[in-house]
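Sequences and hints are given; from them, build the entire structure.
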Amino acid sequence: MITGLRLTTAWVLDQDSAKEFFVGKLGLELRDDTSLGEGGMRWITVGAPDQPDLSLALMIAGPPSLDPESAEQLRALIAKGVLGAGAFSTGDCQAAYEKLTARGVTFVQPPERRPYGIEAIFRDDSGNWYSLTQPFDELDETASWGDCGT
Numbered sequence: 001m002i003t004g005l006r007l008t009t010a011w012v013l014d015q016d017s018a019k020e021f022f023v024g025k026l027g028l029e030l031r032d033d034t035s036l037g038e039g040g041m042r043w044i045t046v047g048a049p050d051q052p053d054l055s056l057a058l059m060i061a062g063p064p065s066l067d068p069e070s071a072e073q074l075r076a077l078i079a080k081g082v083l084g085a086g087a088f089s090t091g092d093c094q095a096a097y098e099k100l101t102a103r104g105v106t107f108v109q110p111p112e113r114r115p116y117g118i119e120a121i122f123r124d125d126s127g128n129w130y131s132l133t134q135p136f137d138e139l140d141e142t143a144s145w146g147d148c149g150t
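Residue numbering for the sequence shown is 1 to 150, as defined by UniProt numbering.
No wet-lab data here; the hints were simulated from the structure. In this text, all values refer to a predicted model and were calculated from it rather than measured experimentally. Every clue listed holds true.
Simulated restraints, written as ranges between beta carbons of each label pair:
| id | residue 1 | residue 2 | range |
| --- | --- | --- | --- |
| 1 | LYS99 | ASP67 | 39 to 47 angstroms |
| 2 | GLY146 | LEU36 | 39 to 47 angstroms |
| 3 | ALA79 | GLY104 | 16 to 24 angstroms |
| 4 | SER65 | PRO115 | 35 to 43 angstroms |
| 5 | GLY86 | THR3 | 18 to 26 angstroms |
| 6 | ASP137 | ASP67 | 41 to 49 angstroms |
| 7 | ASP67 | GLU38 | 17 to 25 angstroms |
Computed cross-link-like contacts, DSS-like style, restricted to lysine-lysine with a CA-CA straight-line distance of at most 27 angstroms:
| id | residue 1 | residue 2 |
| --- | --- | --- |
| 8 | LYS25 | LYS80 |
| 9 | LYS80 | LYS19 |
| 10 | LYS99 | LYS19 |
| 11 | LYS25 | LYS99 |
Quick reminder that beta carbons are idealized off the backbone N, C-alpha and C, glycines included.
See the structure below:
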């Protein structure tokens, strides 16, 4: 039976830039940075220091993982900024927003109260968007869903 989630993927346009973004700007720890076999694909994983059982693979949108046509289509979607790659949690969304903004992270939505928590939205250097959420213990049905509720 399934006992948990250990790995998820963010498709990126440049692995070095992505590694610097996730480690240098977001403060995640580097878990792996290696090539798989001679001339093989580069394998980079990062993760939150307090969550050792879950890693994020920073995969280049190209061969050998994808055929050339699929890679081109995926790169276009990434560059357009239409791919959401996940949600990060925090105990204080406003403080994290201020700290990450000072580090050069681009936010497309400042912290706002939602039914599930206080949420800000940012993009990585490739264009993927992520939620930064300070979750509530209980759903606040009086809070706005924002653009999702219309």
